[in-house]
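Q: Going down the list, the sequences are from chains A and B.
Quick note, the first sequence lines up with residues 1 to 370 if you use my numbering.
Quick note, the second sequence lines up with residues 371 to 547 if you use my numbering.
Since the hints were derived computationally from the structure, they do not count as laboratory data.
Just so you know, not all the hints are guaranteed correct.
Lysine-lysine pairs mimicking DSSO-like chemistry, simulated, CA-CA at most 30 Å apart [what the hints assert, rightly or not]:
hint, chain 1, residue 1, chain 2, residue 2
1, B, 473, B, 438
2, B, 437, A, 355
3, A, 2, B, 461
4, A, 279, A, 228
5, B, 437, B, 402
6, A, 355, A, 322
7, B, 438, A, 2
8, B, 523, A, 235
9, A, 16, B, 523
10, A, 3, B, 437
11, A, 244, A, 16
12, A, 244, A, 198
13, A, 3, B, 402
14, A, 16, A, 2
15, B, 472, A, 3
16, A, 244, B, 461
17, A, 355, B, 460
18, B, 402, A, 2
19, A, 355, A, 303
20, A, 355, B, 438
21, B, 437, A, 279
22, A, 19, A, 235
23, A, 283, B, 523
24, A, 279, B, 523
25, A, 283, A, 19
26, B, 437, B, 472
27, B, 473, A, 279
28, A, 322, A, 303
29, A, 279, B, 472
30, A, 283, B, 473
31, A, 279, B, 461
32, A, 3, B, 523
33, A, 283, A, 329
34, A, 2, B, 473
35, A, 283, A, 355
36, A, 16, B, 402
Given the structure is predicted, the values throughout are model-derived calculations rather than measurements.
These are the residues of each chain, in order.
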Amino acid sequence: MKKIATGNKAVAEAVKQVKPAVIAAYPITPQTEIVEQIAEFVSTGELNSRYIPVESEHSAMAACIGASITGVRTFTATSSHGLLYMHEMTNWAAGARLPVVMANVNRSIGPGWNIWAEHTDAMQERDTGWLQVYVSTVQEAYDATIMAFRIAEHNDVLLPVMVNLDGFTLSHIMQPLDTIEIGDFIPPMHLPHAIDPKNPAGYGGLTGPDQHFRFRWDIERSMRDSVKVIETTEKDFYQRFGRKYGFTEDYCCEDADVVVVSMGTLGKEAEVAIDILRKEGIKAGSMRLRWFRPFPQLNLMGKEVVVIDRDYSFGFGGILAKSIEARQKTDVYGVIAGLGGQEVTFEDIADFIRKRHIGQEFWFGVNDNV
Amino acid sequence: MTMYEIRIHSRGGQGGVTAARLLALSAVHDGKYATACPFYGAERRGAPVVSYVRIDDTPIRIYSQIKKPDMVVVLDASVMDVVDVLQGLKKGGKILVNSTHKKEFAGFSSSHVDLTGIALRENLVIAGSPILNTPVLGALAKTGIISVDSAKKSIREMFTDERNVRAAEAAYGEMNA
């Protein structure tokens with residue numbers, strides 16, 4: 001059926017399809033609509049899950065961890081300060097190898113108090129062992145949430161996955177949504193190290209200096225293995241449901257002299273900028289990075305690179321720009337734009353590309369930066 | 371068609387966001403792509419608010435605010451005292467005002483319809499406020515940006531009360547260009 005939905009509703013619809021056994025969540029703007037909608041699905045019986053309304057995000061993740069370790073599918077959603085508040089537990093979920101899936105509605109961190117889109121919240125989780133995907137449309141929010149469960153629960157991965165969508169810009173706008181019946185797209189969850197509540201046993205969680213590094217390496221090995229799992233999952237999704245996704249979404253990149261790299265909704269807006277520049281005779285392309293962890297190899301060889309960061313690491317630079325510089329061993333033009341929901345139009349993005357100074361950093365809208 | 375951009379002015383609580391949603395859904399039923407964006411600011415009941423709708427034949431990739439709309443819809447004429455509703459409106463663009471009488475806007479094509487009167491006639495009132503978001507869909511269909519069938523279908527998908535459809539039909543018939 002043809003319908004339209006917000007990004008938040010799309011995530012909730014995806015969760016309804018995937019049927020987690022346990023959902024534990026705490027509301028926070030601009031994520032609230034996700035958990036409200038899921039709670040409604042549960043209350044009307046459309047979704048037969050155990051919904052645990054907890055008293056904090058730390059508890060939300062702790063409850064998901066407790067449920068997941070028994071071998072059942074789990075989901076939560078949060079944003080911004082909620083994500084930071086669960087930080088101790090996000091590390092735990094990854095370290096304990098639990099395939100929790102979480103939607104994070106990207107929002108800036110206060111103070112100053114601001115509820116609008118920024119990626120710094122999720123970026124502060126980048127070293128926890130969570131896989132991270134960033135989406136750009138309502139449909140993609142739905143599709144990526146469904147795929148996240150299959151990827152997380154794959155026995156070559158067994159790591160949690162975070163689906164990121166821009167606060168308000170995507171969470172609250174309405175676009176067409178094509179919902180699907182997933183059938184056997186996601187196999188039943190099998191957690192090899194699941195505990196059995198019916199046969200309680202005591203486990204020691206201590207890993208000494210002679211062991212701990214092995215567990216860390218094991219996370220990294222699975223993170224590397226996840227690349228193939230992501231590829232096969234997205235390929236199977238395309239074959240079954242007809243919508244194609246990859247580590248990046250490339251637009252006019254092949255013959256481009258300059259490529260703008262960004263994430264989330266800005267990556268779609270950037271395509272319109274490319275159309276304008278192409279008409280001016282500038283051979284520009286757009287690369288929208290979808291997966292931030294694992295961080296993919298990007299095909300940027302021989303091209304000038306402009307990176308838009310909707311995030312920042314103080315004293316260092318735009319996190320995406322610096323990641324690309326390190327990985328590609330090349331200088332980029334780093335643009336810091338869209339922080340706290342700052343309006344960035346396709347005309348602005350076209351301007352970033354026209355006025356690029358490779359090797360420099362530019363804060364959009366700030367007058368005293370040189 | 372090239373992208374068609376509509377800006378809806380209303381006051382918080384009058385249903386501008388729902389009007390945007392119904393308009394976008396109607397366009398989707400017409401086989402087009404659409405995005406409805408409620409603008410979230412310091413929104414409170416009674417304060418002037420805007421929402422946006424983009425309609426196109428191809429998927430919409432723009433998320434920034436509409437700066438040069440093709441059409442402006444004013445659900446509450448009193449916002450015109452405090453907001454420049456013509457801001458950025460394209461030359462020759464359309465303006466649709468909820469009003470009992472015609473308002474002239476030099477350089478723009480203006481039409482009006484008494485949505486409040488229609489809502490009151492159909493007894494479409496919630497908490498003392500007339501419902502404007504379903505009748506306005508009839509007027510929007512009259513402008514030609516969506517079909518009448520899709521407008522009715524969208525209303526029926528979101529509301530069970532048939533008075534909403536009757537109000538939209540009335541607005542379709544009564545709109546004056």
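Q: Now look at each hint and say whether the structure bears it out.
A: The hints, checked one at a time:
Proximity of residue 473(B) to residue 438(B) is assessed by CA-CA distance (about 21 Å); at most 30 Å being required, the pair is judged to hold. Pair hint residue 437(B) plus residue 355(A) holds up; C-alpha atoms about 23 Å apart against a cutoff of 30 Å. Restraint check: the Cα-Cα separation between residue 2(A) and residue 461(B) comes to about 34 Å, which exceeds 30 Å; the hinted pair is violated. Of the pairs offered as hints, the one joining residue 279(A) and residue 228(A) is violated, with about 38 Å between alpha carbons and a cut-off of 30 Å exceeded.
Under the criterion of a C-alpha separation no larger than 30 Å, the hint pairing residue 437(B) with residue 402(B) is consistent with the structure, at around 22 Å. In summary, the hint linking residue 355(A) to residue 322(A) is supported, as the alpha carbons are separated by about 20 Å, within the 30 Å threshold. Distance check on the hinted pair: residue 438(B) and residue 2(A) sit about 29 Å apart at the alpha-carbon level, within 30 Å; holds. Taking the CA atoms of residue 523(B) and residue 235(A), the gap is about 36 Å. The hint is violated against a cut of 30 Å.
Taking the CA atoms of residue 16(A) and residue 523(B), the gap is near 25 Å; set against the 30 Å cutoff, the hint holds. Distance restraint check for residue 3(A) and residue 437(B): the Cα-Cα separation of roughly 27 Å lies within the 30 Å cut-off, and the hinted pair is therefore satisfied. Straight-line distance between C-alpha atoms of residue 244(A) and residue 16(A) comes to about 22 Å, which keeps the hinted pair within the 30 Å bound. Annotation: proposed proximity of residue 244(A) to residue 198(A) is violated, straight-line Cα distance about 43 Å (limit 30 Å).
A hinted pair counts as satisfied when its Cα atoms are at most 30 Å apart, and residue 3(A) with residue 402(B) qualifies at roughly 12 Å. The hinted pair formed by residue 16(A) and residue 2(A) meets the criterion: a straight-line CA distance of about 18 Å does not exceed 30 Å. Restraint check: the Cα-Cα separation between residue 472(B) and residue 3(A) comes to about 35 Å, which exceeds 30 Å; the hinted pair is violated. At most 30 Å may separate the alpha-carbon atoms for a hinted pair to count; residue 244(A) and residue 461(B) exceed this at roughly 40 Å.
Only pairs whose Cα atoms come within 30 Å are accepted, and residue 355(A) paired with residue 460(B) is accepted, the gap being roughly 28 Å. This hinted pair checks out: residue 402(B) and residue 2(A) have alpha carbons roughly 11 Å apart, not beyond 30 Å. Taking the CA atoms of residue 355(A) and residue 303(A), the gap is about 16 Å. The hint holds against a cut of 30 Å. For the proposed pair residue 355(A) and residue 438(B), the alpha carbon gap of about 25 Å is at most 30 Å, so the pair holds.
With a C-alpha separation of about 21 Å, the suggested pair residue 437(B) and residue 279(A) falls inside the 30 Å cut-off, and the hint holds. The hinted pair formed by residue 19(A) and residue 235(A) meets the criterion: a straight-line CA distance of about 22 Å does not exceed 30 Å. Proximity of residue 283(A) to residue 523(B) is assessed by CA-CA distance (about 44 Å); at most 30 Å being required, the pair is judged violated. Between residue 279(A) and residue 523(B) the CA atoms are separated by roughly 40 Å; this puts the pair beyond 30 Å, and the hint is violated.
Under the criterion of a C-alpha separation no larger than 30 Å, the hint pairing residue 283(A) with residue 19(A) is inconsistent with the structure, at around 46 Å. In summary, the hint linking residue 437(B) to residue 472(B) is supported, as the alpha carbons are separated by about 25 Å, within the 30 Å threshold. At roughly 40 Å between alpha-carbon atoms, residue 473(B) and residue 279(A) are farther apart than 30 Å, so this suggested pair is violated. A distance of roughly 17 Å separates the Cα atoms of residue 322(A) and residue 303(A); the hinted pair therefore holds under the 30 Å criterion.
With a CA separation close to 42 Å, the supplied pair residue 279(A) and residue 472(B) exceeds the 30 Å bound. For the proposed pair residue 283(A) and residue 473(B), the alpha carbon gap of about 48 Å is over 30 Å, so the pair is violated. For a cut-off of 30 Å, the pair hint linking residue 279(A) to residue 461(B) stands: about 24 Å separates their Cα positions. A threshold of 30 Å between alpha carbons decides the hint, and for residue 3(A) with residue 523(B) the separation of about 11 Å falls inside it, so the pair holds.
Restraint check for residue 283(A) and residue 329(A): the C-alpha separation of about 22 Å stays at or below 30 Å, so the hint holds. Proximity of residue 2(A) to residue 473(B) is assessed by CA-CA distance (about 37 Å); at most 30 Å being required, the pair is judged violated. Using a Cα cut-off of 30 Å, the hinted pair residue 283(A) and residue 355(A) holds, with the two alpha carbons roughly 14 Å apart. Note on residue 16(A) and residue 402(B): the hinted pairing holds, with a Cα-Cα distance of about 27 Å set against a maximum of 30 Å.
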